[in-house]
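> Hey, can you piece these two chains together into the complex? The hints should help.
Line by line, the protein sequences are chains A and B. Each residue of the first sequence is one higher than the last, beginning at 1 in this note's numbering. Each residue of the second sequence is one higher than the last, beginning at 1 in this note's numbering.
Any given hint could be a false lead.
[As the list claims (entries may be wrong)] Just a few of them, taken from the derived set where beta-carbon distance is under 8 Å, the chain A residues facing chain B:
| hint | residue |
| --- | --- |
| 1 | VAL13 |
| 2 | VAL19 |
| 3 | LEU22 |
| 4 | PHE24 |
| 5 | ILE26 |
| 6 | LEU29 |
| 7 | GLY32 |
| 8 | LEU140 |
| 9 | SER141 |
| 10 | VAL142 |
| 11 | PHE145 |
| 12 | LEU153 |
| 13 | PHE155 |
| 14 | MET221 |
| 15 | SER252 |
Treat the hints as calculated values from the structure; they're not laboratory data. A virtual CB, placed ideally from N, CA and C, is assigned to each residue, including glycine.
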Amino acid sequence: MTRYALRRLAQSVAVLLGVSVLVFAIMQLVPGDPIRAALGQQADPETYQALRERAGLDDPVPVQFVTWIGNALTGDFGVSFRTGETVLSLILERVPATLSLAVAAIVVALLIAIPLGTLSALNPRKPVDWFASLSSQAGLSVPDFWLGIMLILVFAGTLGWLPSAGYVALTEDPVDWARHLILPAITAGVSSGAILTRFVRSSVLESLGQDHVRTARAKGMRARDVLTWHVLRNALVPLVTVGGVQLAYLLSGVVVVEYVFAWPGLGQLAFQAVESRDYPVLQGAVLLFAVIFLLVNLLVDLAYARLDPRITYRSAR
Amino acid sequence: MRAGETLRLLFRGPTAIVAAAVLAVLVLTAVLGERLAPHDATGTDVSSRLQAPSGDHWFGTDELGRDVLSRVILGAEVSLRVGAVAVGISLVAGVLIGLLAGYYGRWVDDVLMRLSDVLFAFPAMLMAIAVLAILGPGSTNAMIAIGIVYTPIFARITRASVLSVREEVYVKAARSAGAGDLRIIGRHVLPNVTAPIIVQTSISLAFAILSEAALSFVGLGTQPPDPSWGRMLAEGRGFVEQAWWMAVFPGLAIFVTVLAFNVLGDALRDVLDPRQRQAMATSGATR
Numbered sequence: 001m002t003r004y005a006l007r008r009l010a011q012s013v014a015v016l017l018g019v020s021v022l023v024f025a026i027m028q029l030v031p032g033d034p035i036r037a038a039l040g041q042q043a044d045p046e047t048y049q050a051l052r053e054r055a056g057l058d059d060p061v062p063v064q065f066v067t068w069i070g071n072a073l074t075g076d077f078g079v080s081f082r083t084g085e086t087v088l089s090l091i092l093e094r095v096p097a098t099l100s101l102a103v104a105a106i107v108v109a110l111l112i113a114i115p116l117g118t119l120s121a122l123n124p125r126k127p128v129d130w131f132a133s134l135s136s137q138a139g140l141s142v143p144d145f146w147l148g149i150m151l152i153l154v155f156a157g158t159l160g161w162l163p164s165a166g167y168v169a170l171t172e173d174p175v176d177w178a179r180h181l182i183l184p185a186i187t188a189g190v191s192s193g194a195i196l197t198r199f200v201r202s203s204v205l206e207s208l209g210q211d212h213v214r215t216a217r218a219k220g221m222r223a224r225d226v227l228t229w230h231v232l233r234n235a236l237v238p239l240v241t242v243g244g245v246q247l248a249y250l251l252s253g254v255v256v257v258e259y260v261f262a263w264p265g266l267g268q269l270a271f272q273a274v275e276s277r278d279y280p281v282l283q284g285a286v287l288l289f290a291v292i293f294l295l296v297n298l299l300v301d302l303a304y305a306r307l308d309p310r311i312t313y314r315s316a317r
Numbered sequence: 001m002r003a004g005e006t007l008r009l010l011f012r013g014p015t016a017i018v019a020a021a022v023l024a025v026l027v028l029t030a031v032l033g034e035r036l037a038p039h040d041a042t043g044t045d046v047s048s049r050l051q052a053p054s055g056d057h058w059f060g061t062d063e064l065g066r067d068v069l070s071r072v073i074l075g076a077e078v079s080l081r082v083g084a085v086a087v088g089i090s091l092v093a094g095v096l097i098g099l100l101a102g103y104y105g106r107w108v109d110d111v112l113m114r115l116s117d118v119l120f121a122f123p124a125m126l127m128a129i130a131v132l133a134i135l136g137p138g139s140t141n142a143m144i145a146i147g148i149v150y151t152p153i154f155a156r157i158t159r160a161s162v163l164s165v166r167e168e169v170y171v172k173a174a175r176s177a178g179a180g181d182l183r184i185i186g187r188h189v190l191p192n193v194t195a196p197i198i199v200q201t202s203i204s205l206a207f208a209i210l211s212e213a214a215l216s217f218v219g220l221g222t223q224p225p226d227p228s229w230g231r232m233l234a235e236g237r238g239f240v241e242q243a244w245w246m247a248v249f250p251g252l253a254i255f256v257t258v259l260a261f262n263v264l265g266d267a268l269r270d271v272l273d274p275r276q277r278q279a280m281a282t283s284g285a286t287r
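Only chain B is shown next, with the shape it has when bound in the complex (with noise of 0.2 Å):
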């Protein structure tokens, strides 16, 4: 399908659309930062320490005085960043895996999916703690235990497609051509199991940026005195019944931004996967 299609149909209906555009002012405050802040978000002030939300603060302030509101913005950066560089590590290693377990087939594939099995049999939070356990705690080191943990589900999903691929006319052609196998899975063979993987990257954002505001909230994410929407909870949580604005605000943050990437990557499914789109196009059903 063509990526205008893909576009038209995706949002066909408002719940893509607004999805979409709760995403895009995410990245822009992601990208403006502490342009967008109206206070300084590190800066203590104990004079203005649990503030109520209020006209000079929004979203109210924390135990040391700092803006709730300018913290959730710059806090925006940290869990976007993180997410997106968590789900790139992913997605690049996982996708290599699945091509090659796929298209090598036999000992390759058992060897790699094995090691995909024994990666899968850790609970996703447990796997992530034992490699914050061994790396140290920090944002950097909770990308690369994220990164790890998403893994699987990338190669898995690539290799179920280039199994069906690899049988298709175009790609026997190409090898009775003389086509060498990296031109084969790198023309042939990769732009068409794109779909899936962009559906999956997609839903894995948003449980990669609930897996950092976790990890962030336990103490082994991002570090103080950076702004992260899990610190910010963990923070807010002593606190919760003076001052319910330090716990309330950069939860819904987290739950919107999650949210926003569930119901995109659901409506890409819907799009994506030939037989949803079959069932869109007869009952004229809209998301």
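Looking at chain A on its own, in the form it has when it is part of the complex (with noise of 0.2 Å):
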């Protein structure tokens, strides 16, 4: 275990050094002078001069890159442009948001494909069933940004029941901080509940054919405690590492539901970074999701071989 973990470790550094260079290209790449292109040409000369020698832009790439790794190291990703302040506190700020959202959405994701994968297992070849792939195969087509618009045009438009946009933050008012957050976390989770409930109902089906559900059915235990007590448990362990996978995925993945529902998040960070050419702010949020991404999924792998000894001593070999 500790073998695989550290060759794990040595990988997810190695990736990493490789996005980080990605990430300070993005700099490199932009055609003409970057600061330029964020100011325009009316900018004032002595802020003009002032980023260009904070970004380090007259310097060799290599040193560049040595001093920006460098400082990304300690937390210090740069200024922004556009507001003169530092990346790390606009990053910092929207945290809360996005973390918020991600987690709501695996939350409703659960909610949709715990009951309807296992019911699904249940009944192989039923309407059921059919029901369940049916409606997996359309979350994972829809597309979340037309889901929300759709959500906001019957909830919001029409019954008036939530709010179509905004957030409120939870130490703000909690009950206005779940209203707001019920569209988006629905829009956002419905792609990951369809992934899960092909997962659980997969998972479902071959822990039944397992020899202790069947041991326990021939004891004569209830059909309701053989489902909770031997196929649930061992069939959703597993769901714990898919999860996992999946918030990564969400944590960087709800840009474009953070931009429906003006949720003020890092994807929407990202996007005005984008349109802005606020190019330190863009590099921190992609470098910052690059990351989130790496380490869950370095976390999820190692949680994954201490529950099954088999991928250490494949990995080993």
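In structure tokens, the structure reads:
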């Protein structure tokens, strides 16, 4: 296990180095002068020069990279070309909104997947299985930005039950926070729910065929108890890891959902950075998303290796 | 498996037939484009703005009086073209990388796969946005961005298949008969790794169309006045309470297209994956 963990960690560090080279390259690959592109031709020469010096653009590229990565390791991603605020502070401001949306979306996904996937597995080739398969296929295919607009049309526009957009901090008003969260969470959670439904179905089906389930039935155990204590308990353990991967996708994949609901998260920050050509902010946001993605995948792999010893043996060979 | 047998198995069930029929209609719509559109898709007519669906405008009109149905019809061409070219880019690049990595192994494999891992570490949408931040918005650049995003998945799938094929007796026989690497890869390896690539192509087409729509929706993909389903949705979003049809129909078009590619991809996987195929044969199950 330790050997596998160390090997997996070393791989992640190597990938992270490659990721940082690509993120650094964003500023280098922009045609022309990135600061001039951001500030426009009429920019104040002093502001322009100050930003140029702060970004170190006059240094040779390798020096720029070493300085950039050294600073990034200490949490210094530079300052916004637009507002002059540090990139770190802009990112930290947005983390609670994105985190709450991603966690709420995974809850929605599990609320869809566990009942639907289990019912589907318990009734193979029956109407409920057919319905689950169709819903899962539809959930995977529906554009989240369209689903969001349709939910706004029905629940905000026609029925007037929920707000159409915006964000309220949890600390400010918990009820209003929840009301603002419902529609974006459903929008973001549907596609993950579709993926997890398929997983729960196959996992429960596999569990139903196990010897201990057959034995429990042969002993005359009630069907509900067999399902709760023998089938679901085993089938849902791997869901922790798959759910973890989905959470990583959601943390970085709610970009467009944030755009639809004017949700002030990291995705919206990235869009604003692209629109205003605020490259240090874009670099910081992209790097953070990639690090979260790598980190969650690493943790999931390690958790899986712990749950399933065969992973360790295979990798150590 | 022969092509005829594959098609027979593929179209045994109704879902694959329906999906293929929907895609055939879409391709035909994209090819015929303006000839099929009942009105001028880009011509504005402010006097008939925001009209609800009617006999004259089946899908209603938008805020500039343009016919929504005509724009949806023309949008099919944009979506399918961007999707197909983007997947074409990732297919060519990914298969080439996968073939080289899998066939040559050792340091070639290490270098190419670590590069692929780096690209894979970026969330797809964010990667596309970052590429478009450098290249600038537009449908051509969206194709390149989506193409880059989906290259690693083709590389991984191809490499995995090549790793098993390169150990087959016929490859070893060709090598001992003095065949060069290029000939072995082209004649013996590539034809035997196509099944998972075909399945992935269908699934990637679905996601590429979805990505193009998402990028156009946020203003980074197809630019106005060209009708793109994502762009139309973005325009419809501002009028959703006054003119629901502006957002409903382009969204439905994306949904149906992506669903058809996904269903066909699943059906292809069932047929081309031997384990699934065997299960189908023994159970008599059809999709």
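> Please go over all the hints and tell whether each is borne out by the structure.
To see whether the hints hold, each was checked on the structure:
| no. | hint | in the structure |
| --- | --- | --- |
| 1 | VAL13 | violated (12 Å) |
| 2 | VAL19 | holds (5 Å) |
| 3 | LEU22 | holds (6 Å) |
| 4 | PHE24 | violated (12 Å) |
| 5 | ILE26 | holds (6 Å) |
| 6 | LEU29 | holds (5 Å) |
| 7 | GLY32 | violated (11 Å) |
| 8 | LEU140 | holds (6 Å) |
| 9 | SER141 | holds (4 Å) |
| 10 | VAL142 | holds (5 Å) |
| 11 | PHE145 | holds (5 Å) |
| 12 | LEU153 | holds (5 Å) |
| 13 | PHE155 | violated (12 Å) |
| 14 | MET221 | violated (28 Å) |
| 15 | SER252 | holds (4 Å) |
Violated hints for the displayed structure, listed by number in ascending order: 1, 4, 7, 13, 14.
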